[in-house]
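Asks: Next come the chains, spelled out residue by residue.
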Amino acid sequence: MRLPGLTRRPAPRVRGAGLAFLLLLPAALVVFGVVLYPAGRALVISFYDVDSPFPGEYPFRGLANYVDILRSSRFWTAAGHTAYFTVVSTVAELVLGVGLALLLAAPLRFRWLFRAVVILPWALPTIVNGAMWRWILNAEYGVLNALLTQLHLQESYRSWLGTNPFLALNMVIVADVWKNTSLAAFFLLAGLQTIPAEIREAARVDGAGPVRAFLTITLPMLRPTIAVVLVLRTIEAFKVFDIIYVMTGGGPANGTQTVTFLTYLQAFSAQRFSYGAALAYLTVLAILVLAMLYLRLLRQSEMRAI
Amino acid sequence: MKPSRGYRVLIHAAALVAMVVILAPFLWLAYSSVVGQTDLLSRPMHWWPGRFTLTRYREIFAGQDVSVARQFRSALVNSMLVATGTVAVSLSVGVLGGYALARLRFPLRRTTLLSFLVTYMLPPIALLIPLYLLLSRVHLLDTRIGLVVVYCSLATPFSLWTMSNFFGVLPVDLEEAARVDGCSRLGALVRVILPLSRPGILATALFAFLLCWDEFLYALIFTSTSDSKTIPVAIAEFTGRNAVDFGLIAAAGVLAALPPMFITLVFQRNLVEGLSAGAVKA
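Going line by line, the protein sequences match chains A and B.
Under this note's numbering, the first residue of the first sequence is numbered 1, with each subsequent residue one higher.
Under this note's numbering, the first residue of the second sequence is numbered 1, with each subsequent residue one higher.
If you're looking for bench data, these hints aren't it; they were derived computationally from the structure.
Where is the CB? At the ideal position from N, CA and C, for every residue including glycine.
You may find that some hints are simply not true.
To be verified - Covered stretches of chain A, going by a simulated chain B footprint (3 or more residues, C-beta under 8 Å):
hint, region
1, 34-48
2, 80-94
3, 128-137
4, 242-252
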């Protein structure tokens, strides 16, 4: 079977080229139609001034949208929130994840039950998680207020999400960490299980206590897994939108507005499609850097395995 | 060497604390869905409710006149249909393409594989605006079909990538044996490879389903009525309104959480089976 485009470079030992082309065609069409073409369109749109969903002639602005963004204080505030959210939630998920992974690997009596419980938050849909925490943190009827007040840990009910922007951002992080530590823990558990038991045993025979064994053996050997989890969680946290939308709607006083949230507002509330597309491409750029870092880490850990 | 008694007490205490922290919010969600409104809004909170009720679940499943409950019901149906449709499309193209990437030698194979991986990493926000403009021009906004098309941008690169990984670890011998027996490449794919990789296909399908079930940003932009609104959009919308009974939202949340939790608990076993399918000796 010969098809145009592929016949020109007949490499030796290529026996399935025609069939491969046929088999890949549906996938390629789908990916081109709903991923590559839109991605290209978004880049083009970001250079114009598109302000309505209808086709037509729109003024060309070159890089002006990008310049406007980089000059706007609102963008830098949102970028600050994104950075804070990303760093704090990722670090917290990693630290708690290592702890949970150690427990998952420990000789617990009800290990099967513990594993089933730990995996549950990961399965909870993000929006349900956000709605649940919003209800728990409710200023008038929330269970957290009830609990803290009745235990006399706080004097009266307080608004966790509604008045103090910094407190609200931290509460969103709590909800995110509660859900996503689960996945990090299972990743790290897989990493833990690749560490040979003899090495830890040898450390113990040499007289190292559990803390020293953890710091000198487990943690260094877990480093490749930690790096992978770190980058993957960073990429996810960088795109955060859902949980902020449902918990705070970007408020109070825009205090929880992230870059993705700002993009959404600009494009779909203000109909500034080009400005939004430019914002989105700045996110793509940042994620591209992170993704390259990720691929490099993967290659490095593969090399070490060999 | 046997772990000391103190160590065992410590890890059990830590595990217990972790379980309480994880389970308490869940329990509160479930509790809120079954207690009466007066108990829900009591202040100070009395911890033992006066009344348990299943009316909210009944309203969602069978209610005729309560509009919020009916919207939750149609949203659950929409989520189910859209996720299933997306899995069907992306899995079929993913199986075919994944097989080609894993088994056939052809020019630019590595480049193709890497470009699919790159598309997998693109953030949805980058595609949101052009997809919106595109869908509005072909009148597919606020339709389930439109949402399936958009979700294919998430699920297809994923299915391709994981299916090519699954096919890649299957033993070549079996397929070669089938070819010697007179099967064509495609015949070998259908008769030998597909039955063997059933666990892998199932795992990919379940993951893709979860991806669609959880998706929010696209659904928020591309749907506007109960013709196509999915359950995350409905829950987010009613969470933002103060007048709505939170117990009803909690009930919808519990219902929305059940399918992925069920899948996750079943999937744990399936993953192990999928990985240990050493069928070459059988």
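Asks: It remains to establish, for every hint, whether it holds in the given structure.
Replies: Hint by hint, here is what the structure shows:
1. 34-48: holds (count 9)
2. 80-94: violated (count 0)
3. 128-137: holds (count 8)
4. 242-252: Held - the region 242-252 of chain A has 4 residues with a Cβ nearer than 8 Å to chain B, which meets the minimum of three.
The earlier numbered hint that this structure contradicts is number 2, and it is the only one.
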